[in-house]
Amino acid sequence: MMSVTPQPSNGMAVAVVDDDENVRVAMGNLMRAIGLSVELFDGAISFLREDMDRFSCVLSDMQMPGMSGLDLQRELARRAPDLPIVFITGYPEEGVREAAFAGGAKGFFEKPCDIEELVAVVEAIHR
Amino acid sequence: LEAAAIAPSHLGCADPEVFDLIRDSVVAVDLSGRITAWNRASEVLYGWSRAQAIGALYEEILDDDRDWPEPANDAEAVGAEPTEKERERRTASGASIFVSVRRVQRRSVSGDPLGWLEIGTDLTALRRSQWLGRANQQRYENMFNAIPVAVTWVDYSEARALLAGWLGDSDADVGEWLTERPERVREMMRATYVVDINPFTLDMFRSPARDDMLGSIEAFWPDKNLPDYIDWVVSTLAGNHDFAREINQLTVDGVEMETWFTTRFAPGTLDQGRFVATLIDYREVKRREAAIRQGEAFYTDMFHGSAFSAWRLDATKALEIYASLRGEGVSDFRSQLEQDPALIWRLTEGIRVIDLNEMSVSLFEGRSRKSMIGSSITPLWRPEDLDPLVGGLEATFDGNESYKSSARMRTLSGAEIDVLFTLSWSGARHEAGELLLAVVDMTEKVQAENALVETQAALAHATRVSTLGELTASIAHEIKQPLAALTANGGATLLWLNRSPPDVGQARELVEVMIADARRASQVVTHVRSLASPQIGQYSRYSLSALVDEAMKLVAVQLQRDGVLTSLVLHPNLPDVLCDKVQIQQVVVNLALNASQAMAGRSTPRLTLRTSFGETGVMLRVEDSGPGIPEEDLEKLFGSFFTTKPDGMGIGLAICRTIVEAHGGAISAHNLDLGGACFEVNLPLADPDS
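Line by line, the protein sequences are chains A and B. Residue 10 is where the first sequence starts when you use the numbering used here, and the numbers rise one by one after that. Residue 3 is where the second sequence starts when you use the numbering used here, and the numbers rise one by one after that.
Simulated from the structure, these hints should not be mistaken for laboratory data. This structure is a prediction, so every number in the text was calculated from the model and none was measured. Cβ coordinates follow ideal geometry from the N, Cα and C atoms, glycine included. Some clues are possibly wrong.
[To be verified] Derived list of chain A stretches under chain B, where covered just means 3 residues or more per stretch with a C-beta under 8 Å from a C-beta of chain B: (1) 24-37; (2) 41-48; (3) 119-129.
Let the sequences and hints guide you as you build the complete structure.
What follows is the structure, encoded as structure tokens:
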């Protein structure tokens with residue numbers, strides 16, 4: 010059974026990056042249910058316009074128009090190397106998972122993902 | 003009273019006057035060859051009175067050999083059937099007649115030979131009418147062939163009488179006598195009359211009216227051809243029935259033309275002085291010959307210069323076998339073949355090589371063209387690979403104009419070759435019982451054009467992946483998105499409910515979102531189905547056979563690579579179907595590639611696609627020689643995600659069914675009696691008015 014300890018907000022938010030609006034909103038719902046504040050972005054490009062210091066964690070799709078999850082990870086490694094990133098993908102392609110972990114990803118989930126595991130990973134990041 | 007009704011034994015002792023009641027000639031002859039009985043009918047037929055005939059020698063009276071037939075010596079001949087022969091004889095006036103003669107031996111009560119008795123039936127009139135029938139038929143055939151022939155019926159009896167009067171009992175040489183007297187020749191010509199003509203004669207002689215042509219022949223003969231007329235007279239007097247000579251004739255308006263002149267007396271009519279003369283206009287013939295030669299030259303160039311193996315085959319014997327099969331009521335060639343497997347070799351033995359090109363000699367490893375001409379096509383076929391041959395023969399039996407198939411044939415040295423062969427027969431060649439066979443060597447093609455084949459195979463594969471693989475991937479992704487949202491919202495709902503106190507308000511909102519997510523997932527499924535359904539406005543009328551032929555070109559190379567022998571048996575005259583062309587072709591491609599995969603690893607994979615009339619519309623059958631479908635799988639075959647392939651997606655047949663059903667048709671599968679699976683697609687006909 011899932012239960013939740015409200016997380017310290019300390020003014021920072023979880024960034025949810027997904028081009029599918031329904032998935033994006035649903036992930037936001039999930040993050041709010043564990044007491045985190047959330048900001049939603051429909052792609053990596055719009056997200057990267059923001060100030061990275063405002064975010065405690067990034068929850069990102071892998072396959073997105075314009076810029077992929079792996080591209081986003083490489084960009085963040087340059088601009089905010091300490092910002093944790095968790096991937097949720099609809100296309101479990103060979104090699105992508107390995108590349109994501111090699112780049113320092115905190116989690117890699119396949120849609121539709123195991124919610125308890127996802128919550129555990131996100132909570133661990135915020136502990 | 004019919005002569006035949008009287009048994010031979012009765013004739014031996016009958017009163018001679020009884021014979022007068024018989025309308026056939028009855029003649030009795032003793033052992034010395036003298037005539038002992040001669041009835042009324044004999045007097046009428048042969049022109050000799052009974053008084054003249056009785057006691058005279060048979061040979062002299064009838065101008066016939068009395069030793070025919072050899073008298074039977076054994077006693078059993080008494081009851082034997084009379085022997086019968088047709089004889090040409092002469093009457094008392096010298097006219098020749100045709101008589102059907104039956105002879106029987108006469109014997110005494112003690113069995114000693116007494117001589118023989120013969121019954122003769124006059125066939126002269128019958129033979130004459132038959133001959134005239136043939137002349138008419140010949141005239142018809144000539145006209146049918148559009149060769150211009152003038153046919154004239156000529157009465158020469160008066161001219162002959164003139165000549166007989168001049169010569170009397172003189173034994174002068176008729177040819178010399180006439181050559182010295184051209185005015186007599188002219189006189190004979192004036193006494194030689196045209197009594198009837200065929201319509202073309204008017205054209206040829208540029209005669210405005212029929213009556214201008216009837217009457218004396220003199221005006222048509224230029225002086226320089228008098229010697230030819232004399233030769234003809236001499237030939238006729240010598241008893242020749244036929245005469246042929248190249249002569250010039252004058253048209254009604256006096257223009258000279260070259261003709262081929264032939265005359266013919268019907269058997270038994272020589273002395274009646276009537277004959278048929280045919281004249282062929284040489285200019286016209288030469289013109290036509292030139293045209294034909296030109297056509298032939300083109301054909302010959304094409305035939306001998308072609309890069310594929312080309313054969314002209316004489317199939318008249320095979321066609322005779324077909325005719326007799328049909329005469330026995332056979333309509334299904336294949337089931338006949340099952341009952342009588344040797345039929346196929348009788349047919350191949352009945353198909354002989356008329357001609358073949360050098361390409362054929364080298365492909366089939368013959369010694370020379372000459373050595374192969376005249377032989378049968380039997381050695382070219384492997385007994386293990388008869389399907390394409392059976393298909394071709396079935397198509398000829400059914401009267402289809404052509405048949406094409408891939409095949410494994412055999413060279414004269416016994417090597418196997420993979421080929422594409424086309425059998426065709428049409429028009430004039432068909433009339434002559436001639437087949438054309440074209441053979442393309444696929445073995446060499448595959449080797450020589452390997453690169454091209456690879457590319458095409460890759461392309462075909464890409465096409466297949468893009469039609470099916472991409473669709474699957476997109477289905478998977480489209481469904482995963484709402485499911486991902488659903489689970490995330492579900493997780494959030496649980497979390498709100500697990501708080502203490504539970505936040506039911508949040509949970510309720512999220513459950514409503516989840517219902518929307520679930521609806522979206524089901525919309526994706528609906529959308530996928532609609533993708534596989536024909537789009538409004540993309541329906542057009544197509545021939546199923548043409549669609550199949552075109553679709554199979556896309557996969558021909560792939561099938562060739564898989565070693566599949568593919569035959570297309572496409573009905574040429576099916577009514578159209580109203581369909582989305584690309585989708586129906588997708589079905590064809592899917593079924594063909596499915597079959598090929600099912601046959602992977604089999605020694606002789608064969609694929610046959612047939613189009614035909616179905617029960618309500620048209621039908622496509624895709625038959626393979628694979629392992630068939632397990633009974634328990636037949637039901638679920640067309641359901642989604644059914645697959646027997648390790649990496650299969652299991653949606654190919656489901657999509658086929660969706661497409662076919664969206665067209666108002668039906669798809670089904672069953673196993674063939676002789677092994678292998680058969681997929682049957684039935685499609686309704688297009689509304690004839692649409």
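Please write out, lowest number first, the hints stated earlier that are contradicted by the structure.
none
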